[in-house]
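Add chains B, C, D, E and F with the ligands to chain A, keeping to what the hints say.
Chains as they are written, first to last, in this note's numbering: chain A, 659 to 927; chain B, 659 to 927; chain C, 659 to 927; chain D, 659 to 927; chain E, 659 to 927; chain F, 659 to 927.
Errors might be hidden in some of the hints.
The list treats identical chains as interchangeable, and a pair is accepted whether it falls inside one copy or across any two copies.
Stated by the list, open to error - Calculated cross-link-like contacts (lysine to aspartate or glutamate; reagent style DMTMM-like; alpha-carbon spacing at most 20 Å):
1) LYS698 to ASP912
2) LYS815 to GLU677
3) LYS766 to ASP750
4) LYS760 to ASP750
5) LYS898 to ASP694
The set of hints was computed from the structure by calculation and includes no laboratory data. Quantities reported herein were computed from a predicted structural model and do not represent experimental measurements.
Letter by letter, the chains look like this.
Protein chains: 6
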Amino acid sequence: DFMNALDEVQPAFGVSEEELQQVIQNGIIHFAPHVDELLKTGQLFVEQVRVSTRTPLVSILLHGPPGSGKTALAATIASASGYPFIKLLSPDTMVGYSEPQKVAAINKVFADSYKSPLSVIVVDNLERLLDWTPIGPRFSNSVLQALLVLFGRRPPKGRRLLIIATSSSHSILTDLGFSENFDSELRVPPISNIHSFEHVLTEVELFNSAAGTRNAIAMLQEAGFGRDDGQSPVLNIGVKKLLSLIEMARQEPDAVAERLLSALLGLGM
Amino acid sequence: DFMNALDEVQPAFGVSEEELQQVIQNGIIHFAPHVDELLKTGQLFVEQVRVSTRTPLVSILLHGPPGSGKTALAATIASASGYPFIKLLSPDTMVGYSEPQKVAAINKVFADSYKSPLSVIVVDNLERLLDWTPIGPRFSNSVLQALLVLFGRRPPKGRRLLIIATSSSHSILTDLGFSENFDSELRVPPISNIHSFEHVLTEVELFNSAAGTRNAIAMLQEAGFGRDDGQSPVLNIGVKKLLSLIEMARQEPDAVAERLLSALLGLGM
Amino acid sequence: DFMNALDEVQPAFGVSEEELQQVIQNGIIHFAPHVDELLKTGQLFVEQVRVSTRTPLVSILLHGPPGSGKTALAATIASASGYPFIKLLSPDTMVGYSEPQKVAAINKVFADSYKSPLSVIVVDNLERLLDWTPIGPRFSNSVLQALLVLFGRRPPKGRRLLIIATSSSHSILTDLGFSENFDSELRVPPISNIHSFEHVLTEVELFNSAAGTRNAIAMLQEAGFGRDDGQSPVLNIGVKKLLSLIEMARQEPDAVAERLLSALLGLGM
Amino acid sequence: DFMNALDEVQPAFGVSEEELQQVIQNGIIHFAPHVDELLKTGQLFVEQVRVSTRTPLVSILLHGPPGSGKTALAATIASASGYPFIKLLSPDTMVGYSEPQKVAAINKVFADSYKSPLSVIVVDNLERLLDWTPIGPRFSNSVLQALLVLFGRRPPKGRRLLIIATSSSHSILTDLGFSENFDSELRVPPISNIHSFEHVLTEVELFNSAAGTRNAIAMLQEAGFGRDDGQSPVLNIGVKKLLSLIEMARQEPDAVAERLLSALLGLGM
Amino acid sequence: DFMNALDEVQPAFGVSEEELQQVIQNGIIHFAPHVDELLKTGQLFVEQVRVSTRTPLVSILLHGPPGSGKTALAATIASASGYPFIKLLSPDTMVGYSEPQKVAAINKVFADSYKSPLSVIVVDNLERLLDWTPIGPRFSNSVLQALLVLFGRRPPKGRRLLIIATSSSHSILTDLGFSENFDSELRVPPISNIHSFEHVLTEVELFNSAAGTRNAIAMLQEAGFGRDDGQSPVLNIGVKKLLSLIEMARQEPDAVAERLLSALLGLGM
Amino acid sequence: DFMNALDEVQPAFGVSEEELQQVIQNGIIHFAPHVDELLKTGQLFVEQVRVSTRTPLVSILLHGPPGSGKTALAATIASASGYPFIKLLSPDTMVGYSEPQKVAAINKVFADSYKSPLSVIVVDNLERLLDWTPIGPRFSNSVLQALLVLFGRRPPKGRRLLIIATSSSHSILTDLGFSENFDSELRVPPISNIHSFEHVLTEVELFNSAAGTRNAIAMLQEAGFGRDDGQSPVLNIGVKKLLSLIEMARQEPDAVAERLLSALLGLGM
Ligand SMILES: Nc1ncnc2c1ncn2[C@@H]1O[C@H](COP(=O)(O)OP(=O)(O)OP(=O)(O)O)[C@@H](O)[C@H]1O
Ligand SMILES: Nc1ncnc2c1ncn2[C@@H]1O[C@H](COP(=O)(O)OP(=O)(O)OP(=O)(O)O)[C@@H](O)[C@H]1O
Ligand SMILES: Nc1ncnc2c1ncn2[C@@H]1O[C@H](COP(=O)(O)OP(=O)(O)OP(=O)(O)O)[C@@H](O)[C@H]1O
Ligand SMILES: Nc1ncnc2c1ncn2[C@@H]1O[C@H](COP(=O)(O)OP(=O)(O)OP(=O)(O)O)[C@@H](O)[C@H]1O
Ligand SMILES: Nc1ncnc2c1ncn2[C@@H]1O[C@H](COP(=O)(O)OP(=O)(O)OP(=O)(O)O)[C@@H](O)[C@H]1O
Ligand SMILES: Nc1ncnc2c1ncn2[C@@H]1O[C@H](COP(=O)(O)OP(=O)(O)OP(=O)(O)O)[C@@H](O)[C@H]1O
Ligand SMILES: [Mg+2]
Ligand SMILES: [Mg+2]
Ligand SMILES: [Mg+2]
Ligand SMILES: [Mg+2]
Ligand SMILES: [Mg+2]
Ligand SMILES: [Mg+2]
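Okay, chain A solo, but in the shape it has when bound (with noise of 0.2 Å):
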């Protein structure tokens, strides 16, 4: 019955609980209008779940290039469901795995979730749940196609899905025929606004004083960055490879902002 079926559900809930947490352990940092705005769009799919009776099933995708924070997006949103099933599918756990036992894996998951009245599941990095690879190009077909009938079929009766698919690659989705497969897409963008990468500069508190946060954006402005002008450096970067870069220019304490820099000039920005 009901009850037990919640029970069984409890375990998966709990070490998904730990692999939300894992991925968003540095936390988010709200740099930019577009955060907030991702996080609540979010919100109103959760509800229109909770609420309607005529779609039983809503799925999203957050795309944008790599390392622009879509996994941490897409895991708060879904933590912040307090849906009884949340749950993340992620290539990290499926290394070395065949395509039959990588299908058997994801459709378990969704299988799961129709124990549970409300269920949100993050499909994170579709191109490496696809093994996809531009050269051919090379996919796993098998993978594909249970995506694109996972991703449209009707839970069943009284059960409620929300999908949270994530993907560094918006036109390979298209060329696979994803397109039309999403009843909403989220761009995730890098930052490329000097004004975000002072506020995580600031954030992460890699200068003990504001003075020297404001030093650093200037040797940057000074070098070009910001100015927009068509020649000079562009500012393009995910906010997971700045704090990369953050870590790395930390290590010398002498010569912090200039590390940075020339870190973020050989990125050939």
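Using the frame of chain A, we list chains B, C, D, E and F with the ligands on its own:
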């Protein structure tokens, strides 16, 4: 003997009944003349199979863009036939099947149908049954060959069979050699007409009053929908997607019409 | 010994008889001179195999567009041979076979035939036996190689074999290397002539009176069929499809001729 | 010891004798000088293998269009060698073999031959052994690699081996890397000469009298055969196909010559 | 518990120590400034992993032409880290592994590393791990996908990991989607400078006296090396190959310098 | 211990001795200066491996057109080394091996060699080991990857290994990524010189007298061989093929020189 055969058929029928109800639970809205014409033409083929001795096998195809209502219409025609054997063959139940398993499952449904004097099989979503992807293209040739044979194989003496297949892409089927395979091909168009649109809004009671509906329609017309002058946005949406947008819009009671409009514009029409 | 061998052959023959009747249950309508010529030529090869000692193996091909009557004609010639071993090799009985299973099944029929002094094998629908699809193209090379060898392999001493193959595409066979493989290739044309058309209508008694038939033909002629002026619709239909359209039209007793005409026009001729 | 080895060889030889007789049961007609030249050249290689100590391995290729008589000539040379080990390696006995089974069967014949001091192996119909199809092209690379090695691998000390391969396409072999592999390549031409043609007709006694044969030849000449002016039909037919046409023509005693002529014209020469 | 975990790690470390020594047994010659810079940068990343809490995973790539010293440098950095878990993942130990075996072996090393608080894994020779060949191109997609995931997968809480990968072709990695995967990419250049060259000659004592070395260098300069005028031979050789040429030259004591020069010219520089 | 290890090695060596003798049983004819140079260079590498501590692994390639004598030369060098472990790795012994079996067999020879302090492995006929065919091209990537690793993998401490590979196509190896893999690449040219030709004739005593040989050479020169004017036939033949032609010619004692000439012309030189 025959009575035993019918007994054997019963459980299969029971299962299918549930499956069929699942795909038509939102009902059929008669938003345009073609809806009734399609249902009536379907009924004619149901009759032909019931009475003609020279054509114990008739196969038809419902094709149209994603979400235009193919599955719901096919299921409705099948359900209304009153035949003793009605079965929905859908990729939804075959996630993770290997190619031989798929072929075996498909073949079994046809073999089962031969136990009943009159049968209808809905073969839903040919592209997914075929594991079709445009990259390559890749598809399951063994499923394809099985379908090509099964769609043309006469049932044994004294048995009659109606096949209703659905597909989102007529041109793929032609490329794969399905042309000449169907006795009739029927197109299921999307909604491209402001009156059909209004009909749906009214039916699902998105607004409390007829005035609310009229207001929303006026807003769409102002935005250019329905003008058809080559520059204004074109109305072109499957009824399935429209029902989904409506439920989304319903989440913001203060700005239902605005939300609907922006969603429609967001689809790039 | 020989009598035992013949005994072994009996059951196989019995099975085939039923299969053969199945594919010719609608009979042969002598709607054009080529129908009789094809049957007579077939009979000549039947005789050659019966009497010539130098050619214990003769193979012929019936090819023509879909539904032109190839299977029915091949089965009729085989059935009329009166040989002790007659077998229909058809993809209908091999749905879901793996490639090795297909090759084994085909090879077995040839091995079985060697037990009889005189045998005829109808190898029906080469494209489906070969799992042929134009995309790629893809096909079963192991079935192809088996057929290429079997169509040229002499039966053992004292055994004689007639092979009648059918195919909807002569050019595919040439591409695959079947040219030079057959002792004779016979074309089975579609109906492209208003008199053949009338002959069929009369034979199947679509109308109660000769006047009804004449009326229908007149209606077709008015629509341009049979004019052959490069602009009018061209008559070009397999007898199988024509019989199917006729049964459809029969469902609307009030407008039989109109229904037939619109169906023909709907085929895009 | 050697006597035992010869004993072991006997059964293999016995089996092959029957196979060889099977492919030359229609005999060799000496319709042109090249027939005798080919047989004599074959005999020379038989001698070389018998006597030379420096070349214990000799391989030759007979190539020519389909039905030109390659298999019959190779079998005749082998049969006339009088060697203690004579074997026909033919695709006819390998229908349905997997690639490894084919390679094993081929390898076994070579291993068996090493038990005899003098051996000849006819490797018949390389294209079919290789599962060659021009579409792709596709072929068995493992059979190809096995043949490339076996055709160049010296037999063990004290053993000598003559290999006679046949093929319908010299250019395919070159593409596959067989060039430089054979010690000698001999072409087996089709019949392209009216005198050879007449020779065959006489030999098989298609007509009761020399006058009948002369009449037929005159009829062919009237139709343009043998004129060789770039416009008339060209005589170009394998002796195998010609023998088949002759048997067909024999079925109509009243119009033997006419039937022969129309069959030749039907081949599109 | 933790102590047990460390115990488990010990043997793995022991084995690796031997492997590491094997690849650096010829030592590091400090023939150019970049050698020290590379070692120092490596040391910085070793520190970052040791102290930063925000970046428990850092991955770097050493890339450069064949034989430029990538493996020796990576092993030297890893060996000098003093981490409790140091492992060389090399194709040398995986000859004949199937794709799943390779993935399992790779995955196991990463799983093993998670038992240690601090780990460094040298992933040597990515092209060979990936079974890369430019013809096709062909490569193991399952190994590729495993590496793409493993290079980005955060170690479990409380564990830190440094990955040092080596590759001879940066462009292949970019094509395969490895760009953005590494925190830093460092180039290991070949020897292209006559002073570096002289440094190596001196270090390995090819000549008994400094005069001998100077003579050899003079001979090279005469031959045009080091002139860099677009026409003279260009010096461009990996230190590994240079050490090999030196040993060859050493075999002819009478003409060491001549042999070295002709070998260099023979490389087509 | 070491003595046991050597014992283990003995049988392998014994077997190889026989294999080596098999491929050089026709001996080496010193028909041109390059023959001795190649043997001497080989000997130098044998010495380098014996004495240098810095280069425990040396690999060389003998490449040249089919039949130019690569295998015989490689075997001669290996045989003359006097090393305790000498092994011929040849496709001749691997007919019908699957890819994993081939890799295992190759890997085992290298593993076996590590038991001996000094080893030489002849890796004969790389194209056949790789199952190479130019159509596609197709080849065994797993054998390729194994060879790429094994040709660069240092033997364990205290062990030394010389690898002598042979190949008929240098360009294929470059395409496959073998460039930079060998310490030295030596070309084995065909016979393209009338004096080398005469040398061989004399050595094998095709004619009873020097006058007979001179006559034959004069006949060749008259036919234009050796003129090298761009129009005359060019002499270009491997010593292996030449020895084969000579044995053929020997069969006709009356016209030895004529037969030789016509065979040479028949090769299309
Ligand atoms: N506003 C933000 N949005 C998203 N992530 C943030 C934000 N602020 C800080 N972060 C941190 O940045 C990192 C984003 O990494 P995440 O793995 O989510 O990116 P991603 O786009 O999924 O990367 P990839 O393309 O590699 O999958 C996380 O560590 C997260 O805690
Ligand atoms: N006139 C109508 N025709 C079809 N479906 C309708 C109609 N009116 C309402 N509906 C509802 O619209 C939805 C149509 O979805 P359905 O799955 O049948 O579309 P589809 O064309 O099969 O989609 P897909 O291309 O994804 O397979 C169903 O929920 C159905 O109940
Ligand atoms: N003259 C005729 N020749 C052949 N078939 C005829 C003729 N007259 C009537 N028929 C009927 O027409 C039908 C022909 O169908 P058949 O399956 O033989 O065609 P086909 O060419 O083999 O089709 P396909 O291309 O689908 O294999 C049969 O039902 C047969 O009984
Ligand atoms: N001079 C001849 N040379 C060869 N065969 C001849 C000759 N005279 C008569 N024959 C007969 O002609 C037939 C030749 O057929 P055979 O199978 O040898 O041809 P093939 O070239 O091998 O054909 P395929 O290309 O189909 O393999 C045999 O029946 C043989 O007995
Ligand atoms: N400065 C140096 N840097 C690197 N290696 C050096 C240096 N000086 C001497 N060596 C020696 O040179 C050799 C470099 O070989 P190594 O295998 O590291 O090169 P590699 O670039 O990994 O080659 P490959 O491209 O074949 O993988 C080693 O034997 C090493 O001991
Ligand atoms: N100078 C020579 N060099 C090499 N082989 C010689 C020489 N003189 C005579 N021979 C003989 O010539 C033959 C050369 O054949 P071998 O198999 O070595 O050639 P190959 O180049 O390996 O041929 P393939 O390209 O077919 O592998 C052997 O029988 C060898 O005994
Ligand atoms: Mg992510
Ligand atoms: Mg549908
Ligand atoms: Mg048919
Ligand atoms: Mg033949
Ligand atoms: Mg390396
Ligand atoms: Mg060789």
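Item to complete: State the violated hints by number, sorted upward, taking the hints as numbered earlier in the document.
Response: Every hint satisfied by this model.
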